[in-house]
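Under UniProt numbering, the sequence shown has 32 at position 32, and the numbering climbs by one with no breaks.
Calculated from the structure, these hints are not laboratory results. If you're wondering where the values come from, they're calculated on a predicted model, not measured in any experiment. One thing to keep in mind: the hints can contain errors.
[To be verified] Between beta-carbon pairs, the in silico distance windows are: (1) Glu83 to His49: 18 to 28 Å; (2) Gly29 to Thr56: 16 to 26 Å; (3) Leu95 to Thr33: 26 to 36 Å; (4) Pro91 to Glu44: 27 to 37 Å; (5) Asn65 to Glu44: 25 to 35 Å; (6) Trp25 to Ser68: 39 to 49 Å.
Just so you know, even glycine gets a beta-carbon here, dropped at the ideal spot from N, CA and C.
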Amino acid sequence: MKRKHLHQYHNTSAHEDSKKSPSTWPMYGFVGTLAVACYLNGIEGDFVHDDIPAVTLNRDVLAINSISDVFKNDFWGTPMADEDSHKSYRPLTVLTFR
Numbered sequence: 001m002k003r004k005h006l007h008q009y010h011n012t013s014a015h016e017d018s019k020k021s022p023s024t025w026p027m028y029g030f031v032g033t034l035a036v037a038c039y040l041n042g043i044e045g046d047f048v049h050d051d052i053p054a055v056t057l058n059r060d061v062l063a064i065n066s067i068s069d070v071f072k073n074d075f076w077g078t079p080m081a082d083e084d085s086h087k088s089y090r091p092l093t094v095l096t097f098r
């Protein structure tokens, strides 16, 4: 019995079809441009509602507290053990604001 080599099992029609299909890069560019355009009007905007305590007054965001405190505090900068903590633990979000 003759053994088939691995390359004989390979379906070349899918590879050939991908060569014939138009490039998807223009579509990626369009989607990226559209996403940026949707948020352009917010660049010059001010902080509103809960942005002030969450960002402009948060000692974790302002880098007044150490990085390790970000992992001990809730989203608002209050220690998780504190009675007044909202228990909203989002350290990665806080670090993106930092």
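A quick look at each hint next to the structure:
1. Glu83 to His49: 18 to 28 Å: holds, 24 Å
2. Gly29 to Thr56: 16 to 26 Å: Violated, at about 35 Å.
3. Leu95 to Thr33: 26 to 36 Å: holds, 28 Å
4. Pro91 to Glu44: 27 to 37 Å: holds, 29 Å
5. Asn65 to Glu44: 25 to 35 Å: Since the Cβ atoms of Asn65 and Glu44 sit about 29 Å apart, the hinted range of 25 to 35 Å holds.
6. Trp25 to Ser68: 39 to 49 Å: Given a distance of about 43 Å, which is inside 39 to 49 Å, the answer is holds.
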